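Q: Sequence:
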Amino acid sequence: MKNQKKVSIIVPVYNTSSYVTSCLESLQEQTYQNIEILVMNDGSTDESEKIIKELQEKDNRIKYFYQENKGVSSARNLGILKATGEYLCFVDSDDMVSTTFVEDFLSILSSEVDLVATSITSLSNQEESVTTPIIKEYEKEKKYDILYDEFSGYLCNKMFRSSIIKEKKLFLAEDISMCEDILFLYQYLIFSKKVVGLSKKNYFYRLNQKTASNDFQNEKWFSIFTSLQRIYDLRDYYPENILKKIIYSLHKALLEGEYRLSYLEENQKEEKKKQLKEVKQLLKEIPTKMERKDRVKIIIFKLFKKTSMKYLKRKVE
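In our numbering, the protein residues as written are 5 to 321.
None of these hints come from the bench; they were simulated from the model. Hints should not be assumed to be uniformly reliable.
[Unchecked claim] Listed next, the in silico BS3-like pairs over lysine-lysine satisfying Cα-Cα at most 25 Å (straight line):
(1) K273 - K297
(2) K284 - K306
(3) K309 - K249
(4) K204 - K67
(5) K170 - K144
(6) K67 - K140
(7) K249 - K146
(8) K198 - K140
Everything numeric in this text was worked out from a predicted model, so none of it was measured.
Put together the whole structure using the sequences plus the hints.
A: Here you go:
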């Protein structure tokens with residue numbers, strides 16, 4: 005393994021004792037062996053620590069770190085600081101990956117490629133027949149399109165070049181709970197040359213019913229506006245078509261936020277109303293318009309808000 009590139013895989017863990025074994029075993033079974041598995045225990049109170057340490061005793065590629073509970077972004081950031089590999093991946097502790105997850109990434113990476121993404125599907129669909137993988141290349145101003153293709157704005161189905169993350173001091177925002185991953189990706193892409201997507205299902209996620217996305221009573225969802233605002237603030241780096249997509253996301257989030265207000269406690273509503281008012285004002289001041297098809301979607305959302313929200317929730321689930 006001396007001449008092989010080392011890959012760091014960051015796994016944040018918080019009370020996932022029921023799933024963490026299958027997650028880590030899927031990483032241990034990688035066909036590409038020169039990896040370090042950085043397990044970041046974010047203050048778990050279940051049996052997660054015991055399970056991780058038992059696995060660590062049998063595999064010295066597992067590196068274990070503990071911190072008081074600070075959230076998934078903090079755990080990932082600690083992983084970034086501890087990583088020693090030339091390339092870096094993020095895997096959630098309740099998910100699994102294929103045995104060729106790392107090998108497939110590295111087969112595409114080159115001196116010109118700074119990011120590789122793979123397809124993602126639910127664990128219940130992992131046995132689906134695999135079609136011939138398709139490689140999609142995104143260069144120059146097209147690189148942001150990968151976030152709006154089948155590969156989406158997830159962290160967990162991508163491989164990064166560690167030198168870019170560390171030299172540019174890129175970290176996950178710890179003060180937001182929604183879209184912090186896509187904000188990180190936008191920032192990373194600014195410094196990337198060429199990115200590539202592999203249409204092969206290598207990452208398998210577990211459906212989670214308790215996320216901020218599908219819990220309408222979770223006020224943390226409203227941090228999405230902070231994420232989108234920060235993404236918009238970087239607008240000078242984006243081509244016009246991407247800026248239009250960001251503006252559409254702001255419009256859609258505003259409508260969804262107005263709907264979610266009714267599910268909050270009264271003492272939570274005032275601050276969120278103020279936040280929504282600021283977003284409305286921002287959208288009035290933005291000169292760029294949405295694409296026609298996105299304007300139509302917003303009109304439909306306004307007319308059939310309740311039905312649209314049920315559809316969005318079902319899509320998340």
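Q: Would you pick out the hints that fail for this structure and give their numbers low to high?
A: 1, 4 and 6
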